[in-house]
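A.B. asks: Spelled out, the chains give:
Protein chains: 2
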Amino acid sequence: MNMKHLFTNILGTFVFENNQLKDQILFKDLKDYLDKEKFEQKLTKKYKKVFEPKDKDLEFILAFFKDKKYFKQFYQKNLLLTKQQIKQSVQDDNLIIQTISSIKELDRLANVLIKRLREWSELYLPEFSKSIQDQEKFIELIQKKNRKQILKELKLTEETTMGKALTKTDIDEILALAKQAASTYQLRRKQEIYLEKIMKKFCPNILELCGSTIGAKLIEAAGSLKRLATFPSSTVQLLGAEKALFRHIKTGAKSPKHGYIKEHLLVQNAKEKGKAARALADKISLAARLDFFKGEFKAKQMRKELEKKIKQ
Amino acid sequence: MNMKHLFTNILGTFVFENNQLKDQILFKDLKDYLDKEKFEQKLTKKYKKVFEPKDKDLEFILAFFKDKKYFKQFYQKNLLLTKQQIKQSVQDDNLIIQTISSIKELDRLANVLIKRLREWSELYLPEFSKSIQDQEKFIELIQKKNRKQILKELKLTEETTMGKALTKTDIDEILALAKQAASTYQLRRKQEIYLEKIMKKFCPNILELCGSTIGAKLIEAAGSLKRLATFPSSTVQLLGAEKALFRHIKTGAKSPKHGYIKEHLLVQNAKEKGKAARALADKISLAARLDFFKGEFKAKQMRKELEKKIKQ
Numbered sequence: 054m055n056m057k058h059l060f061t062n063i064l065g066t067f068v069f070e071n072n073q074l075k076d077q078i079l080f081k082d083l084k085d086y087l088d089k090e091k092f093e094q095k096l097t098k099k100y101k102k103v104f105e106p107k108d109k110d111l112e113f114i115l116a117f118f119k120d121k122k123y124f125k126q127f128y129q130k131n132l133l134l135t136k137q138q139i140k141q142s143v144q145d146d147n148l149i150i151q152t153i154s155s156i157k158e159l160d161r162l163a164n165v166l167i168k169r170l171r172e173w174s175e176l177y178l179p180e181f182s183k184s185i186q187d188q189e190k191f192i193e194l195i196q197k198k199n200r201k202q203i204l205k206e207l208k209l210t211e212e213t214t215m216g217k218a219l220t221k222t223d224i225d226e227i228l229a230l231a232k233q234a235a236s237t238y239q240l241r242r243k244q245e246i247y248l249e250k251i252m253k254k255f256c257p258n259i260l261e262l263c264g265s266t267i268g269a270k271l272i273e274a275a276g277s278l279k280r281l282a283t284f285p286s287s288t289v290q291l292l293g294a295e296k297a298l299f300r301h302i303k304t305g306a307k308s309p310k311h312g313y314i315k316e317h318l319l320v321q322n323a324k325e326k327g328k329a330a331r332a333l334a335d336k337i338s339l340a341a342r343l344d345f346f347k348g349e350f351k352a353k354q355m356r357k358e359l360e361k362k363i364k365q
Numbered sequence: 054m055n056m057k058h059l060f061t062n063i064l065g066t067f068v069f070e071n072n073q074l075k076d077q078i079l080f081k082d083l084k085d086y087l088d089k090e091k092f093e094q095k096l097t098k099k100y101k102k103v104f105e106p107k108d109k110d111l112e113f114i115l116a117f118f119k120d121k122k123y124f125k126q127f128y129q130k131n132l133l134l135t136k137q138q139i140k141q142s143v144q145d146d147n148l149i150i151q152t153i154s155s156i157k158e159l160d161r162l163a164n165v166l167i168k169r170l171r172e173w174s175e176l177y178l179p180e181f182s183k184s185i186q187d188q189e190k191f192i193e194l195i196q197k198k199n200r201k202q203i204l205k206e207l208k209l210t211e212e213t214t215m216g217k218a219l220t221k222t223d224i225d226e227i228l229a230l231a232k233q234a235a236s237t238y239q240l241r242r243k244q245e246i247y248l249e250k251i252m253k254k255f256c257p258n259i260l261e262l263c264g265s266t267i268g269a270k271l272i273e274a275a276g277s278l279k280r281l282a283t284f285p286s287s288t289v290q291l292l293g294a295e296k297a298l299f300r301h302i303k304t305g306a307k308s309p310k311h312g313y314i315k316e317h318l319l320v321q322n323a324k325e326k327g328k329a330a331r332a333l334a335d336k337i338s339l340a341a342r343l344d345f346f347k348g349e350f351k352a353k354q355m356r357k358e359l360e361k362k363i364k365q
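As they're listed, the protein sequences go chains A and B.
So in the working numbering, spot 205 of the first sequence is number 258, and the numbers just go up one at a time.
So in the working numbering, spot 296 of the second sequence is number 349, and the numbers just go up one at a time.
It cannot be assumed that every hint is accurate.
Since the list can't tell identical chains apart, any single copy or any two copies may satisfy a pair.
Derived lysine-lysine pairs resembling BS3-like cross-links, with alpha carbons at most 27 Å apart [stated by the list, open to error]:
| id | residue 1 | residue 2 |
| --- | --- | --- |
| 1 | K347 | K253 |
| 2 | K243 | K197 |
| 3 | K198 | K250 |
| 4 | K221 | K243 |
| 5 | K324 | K357 |
| 6 | K221 | K99 |
| 7 | K183 | K198 |
| 8 | K198 | K168 |
| 9 | K157 | K232 |
| 10 | K197 | K183 |
| 11 | K310 | K107 |
| 12 | K217 | K243 |
| 13 | K315 | K208 |
| 14 | K190 | K157 |
| 15 | K250 | K315 |
In short, the hints are calculated from the structure, not lab data.
Excised from the complex, chain A in its bound form:
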């Protein structure tokens, strides 16, 4: 009795009988391949009794497709498949990670710009730079007011200031730098709003529990929401404290109690920060799983429980 065997690969689904190709349905595109069950059922219906090839039969079939004429087809279809998989691997957490990385970078860049701006502007307004600590306010005011106004406000005269009266061309250059610094801060704020928006859709529980910055940093440190969801809460607690952790392991220094979550208000305001961090990490771990498996939105309740627990 000749057994019929059904075999499917990326090229199509095939029926072999007696080590001969008897029938085939070739896949037109990747979509067909992803719907392969449909085509397999078709052939199964047509031939009634078809089996999965085993041992020698399987060996024969595999050797059959090793033929050179299939090589190019396999190569092309596999390439397409891989590309498709790469494309589909782009998830919202990639966007979250890019955004939080960018926010962290913009922070650094804004610092470099403001430091240069202060140093440069101190040539003509040294007392002004010293009088305003807030970076963004400094950028705003130096653009808005001219030297005369600023000197007057600081109760300084041309005689008593240490700053030199620069020409308009020189000052324009400084103001252009101020504008760049201001736009860096603006972009940072814009990205924060965007970050919150995508997190609201993608991981609402984490967002509600940690806020966008800490939440995104945790996802970034884990590499993806999926990985964050698989971490035990003790790992979540220490994400962002890798340096201190390895120092602890290597030199026996004090073990860190918290990573990124130490920036969380619940931890900052707690008396026992270690305990608060542990409780928070517990809930974050839970929230990550809820978000990854598209569970309900429970973070509000979790937050209340947490606040109660930490107060005790």
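Once you've looked at the hints, dock chain B against the given chain A.
C.D. replies: Only chain B this time, still in chain A's reference frame:
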């Protein structure tokens, strides 16, 4: 016989006779102090024979001004004087140093931004990022063309690209980053033009000989044009190669042949780079002195001599 003594300090100019204050002209402001000779001459004319106090007389006069009632006046006037000196110490080379430092920083910042932009945009246009090496062109094109156009140009379809079709909101965020990167490059270019402008006025010889970037870097490394003018040419040759120099001193590694001036075309194109660097540093040293002492503009001729010498 009673000798009259003339004594001047920041408060005024005074005539003492017989260890008694006989006459005085108080300075109204710092300008009077800086013009003190005028007032001294007035009193000298009035009293004919006045002498510079010495030994005991000087001791007495100094003790006289040690009195508490002068303290506040001295303090205030000295403060004003110091402020004035600080103000006058702001020279064009301070502007040059701020500008070149800023240009160097903007270079770094633009690199950070473009790296993030490429990584982020590769989520939806991976092949595009790989196809364009030039940073500024990449920034320009990603802003100008939409995904459809770019895919078409690269002969890709939605099926064959590895990039994911992102929503408009997501893409907008990436384009905002591209805009920021573009404006960083623009600001850098603006500062380069400004740098050339102030150097043309302040150190035309250095500018002609080295170009604005290398020239400004040399002034920055020296700390001021004045210091650069006092350096021997062997030091000028190695400015910017401090790391390699100290490594040479410490470990006996090869001594560096050139610092910033290795970026100069004359050195880059020379067969014997060490010799070219030495000849160039010689001329730069000369140019710095010419510029500092406001000498003639000789750099064109120097450059010609140099080109001749290096060719030989």
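A.B. asks: Are the hints correct? Go through all of them and say.
C.D. replies: Going down the list of hints, with the structure as the test:
1. K347 to K253: So K347 and K253 pass the 27 Å test inside one copy only (12 Å; across, 65 Å).
2. K243 to K197: both (22 Å within a copy, 21 Å between copies)
3. K198 to K250: Close across copies (26 Å), not inside one copy (36 Å); limit 27 Å.
4. K221 to K243: between (32 Å within a copy, 15 Å between copies)
5. K324 to K357: Within one copy only: 18 Å inside a chain, 75 Å across chains, cut-off 27 Å.
6. K221 to K99: The answer is neither: 87 Å in one copy and 47 Å across copies each exceed 27 Å.
7. K183 to K198: Answer is within; shortest intra-copy Cα gap is 16 Å, inter-copy 45 Å.
8. K198 to K168: The answer is within: 20 Å in one copy meets 27 Å, while 36 Å across copies does not.
9. K157 to K232: For K157 and K232, both the intra-copy (20 Å) and inter-copy (18 Å) Cα distances are at most 27 Å.
10. K197 to K183: within (17 Å within a copy, 43 Å between copies)
11. K310 to K107: neither (55 Å within a copy, 73 Å between copies)
12. K217 to K243: Classified as between; 23 Å across copies, 37 Å inside a copy.
13. K315 to K208: neither (43 Å within a copy, 49 Å between copies)
14. K190 to K157: both (20 Å within a copy, 25 Å between copies)
15. K250 to K315: Intra 24 Å, inter 50 Å, cutoff 27 Å: intra-copy only.
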